[in-house]
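Trainee: From first to last, the protein sequence lines stand for chains A and B. Numbered according to this note's numbering, the first sequence spans residues 1 to 162. Numbered according to this note's numbering, the second sequence spans residues 1001 to 1122.
Please keep in mind that the hints were generated in silico from the structure rather than gathered at the bench. Using N, Cα and C, we set each Cβ at its ideal position, and we do this for glycine too. Check before you lean on any hint, since a few could be wrong.
What the hints assert, rightly or not - Calculated lysine to aspartate or glutamate pairs in the EDC-like style (CA-CA distance at most 20 Å, straight line): (1) K1082/B with D27/A; (2) K1051/B with D1015/B; (3) K1051/B with D1029/B; (4) K1051/B with D1028/B; (5) K1051/B with E1092/B; (6) K1082/B with D1108/B; (7) K1051/B with E1075/B; (8) K1082/B with D16/A; (9) K1082/B with E8/A.
As the list claims (entries may be wrong) - If you want a taste of the chain B side facing chain A, the calculated C-beta under 10 Å gives, among others: (10) F1010; (11) W1083; (12) I1084; (13) E1085; (14) A1103; (15) M1105.
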Amino acid sequence: MSNVTAHETTIEAPADLPTITIVREFDASVEKLFRAWTELELVVQWIGPRSIQTRIDHWDVRTGGSWRYVGLRDGEEVARFFGSFHEIRPNQRLVQTFTYEGFPDGVSLEMLTFEALPGGRSRASIVSVVDSLAGRDAILASGMDVGVREGYEKLDKLLTTT
Amino acid sequence: MVTDRLSRAFAALADPIRRDIVARLAVDDASVGELAAVYPVSVQAVSRHLKVLESAGLVSRGGDSYRRPCHLEAEVFDLMTKWIERYRREAEQRFQRLDAVLAAMDHDDQQRQSRRKRGAAS
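Work the whole structure out from these sequences, hints included.
Mentor: What follows is the structure, encoded as C-alpha cells:
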C-alpha cells in the first residue's frame, strides 16, 4: 500500500473531443485485474463512489450481455445505472455502454484496454465517449459527492460576481 | 438556480465558434472587430456569440463599443480544471479500493496453496 502514489490515475479530457481517458497501473497480473473487473463478487467491493454502497441487480458478463446496479446510501436507493456489454475479450478488452437513469438520454461508450506490464503488473486504460462536449463536461462536473455541491456553490458565487 | 448557471456555462461552450473565441481570448484580450475578422460570419453574429459567453460569465467586456476589448474570465476555467481533478481523484479512490481487492485475491491464492513454490511465477 505504501507505493500507491507511484501509479496514480491520470486523466485526459481534451477541449475538442467529447471523451474522457483514464489510465491506471496495478500491482497485479492482467489476469487478476480482469477478474476483479468482471466477477460480480469482486466488482461490488470497489465500484461506485466512496460514500455509496453498490447493489448489483444484474450482471451478465459476456459479449452481448448486460448489467444493472443501484447506488445505496444508508439503505436508500440514490442512483441507478445500466448498460450493455458490447464485447468481452478476456484479459485484453472490455467494451460497454453506461447510462445513469437520472439522465436517461445520456449514454457513454466505454472502451477498456487491459495490458500486461513487466514484473507481473498491469495497466487499465478507459476511454469514454459521449455525443457532445457539453455532455462530457456535465459528466466531469457531476457526481454524488459533497465536493460537487461545493463546486457548484463556488461557481455560482463566481458567476454572480462577474 | 445553481444548475441553470452551470448549464449556461456548458451550453455556451458547446458551440465551436464560441469555443474558438474562448481559446483566442485565453491567449490575449481582443475586440469584437478583431474577433469578427477571424470568422466567416458577420460582426453581428460574433457579437451575439460574445453576449452568450458574457451571460454565462465566461467573458467580460469593457463596454458595447466595437473596439472595447473582450476579456476571458479565467477563474471559471480554473474551476473546470478543478472539476477534472476531482473526477480524477474519485477514480483514484475507486482504484485504491480495487488495489485492496487485488491484494486480497493474492492473499486468498496464498492460503489455497498448501506450500509455497519459491520463484514460481503466478
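Trainee: Next step is simple, just say for each hint if it's right about the structure.
Mentor: Comparing the hints with the structure gives:
no. : hint                 : verdict
1   : K1082/B with D27/A   : 28 Å, violated
2   : K1051/B with D1015/B : 13 Å, holds
3   : K1051/B with D1029/B : 16 Å, holds
4   : K1051/B with D1028/B : 18 Å, holds
5   : K1051/B with E1092/B : 39 Å, violated
6   : K1082/B with D1108/B : 39 Å, violated
7   : K1051/B with E1075/B : 18 Å, holds
8   : K1082/B with D16/A   : 18 Å, holds
9   : K1082/B with E8/A    : 17 Å, holds
10  : F1010                : 5 Å, holds
11  : W1083                : 5 Å, holds
12  : I1084                : 5 Å, holds
13  : E1085                : 8 Å, holds
14  : A1103                : 8 Å, holds
15  : M1105                : 6 Å, holds
Violated hints, in rising order: 1, 5, 6; the structure is consistent with all others.
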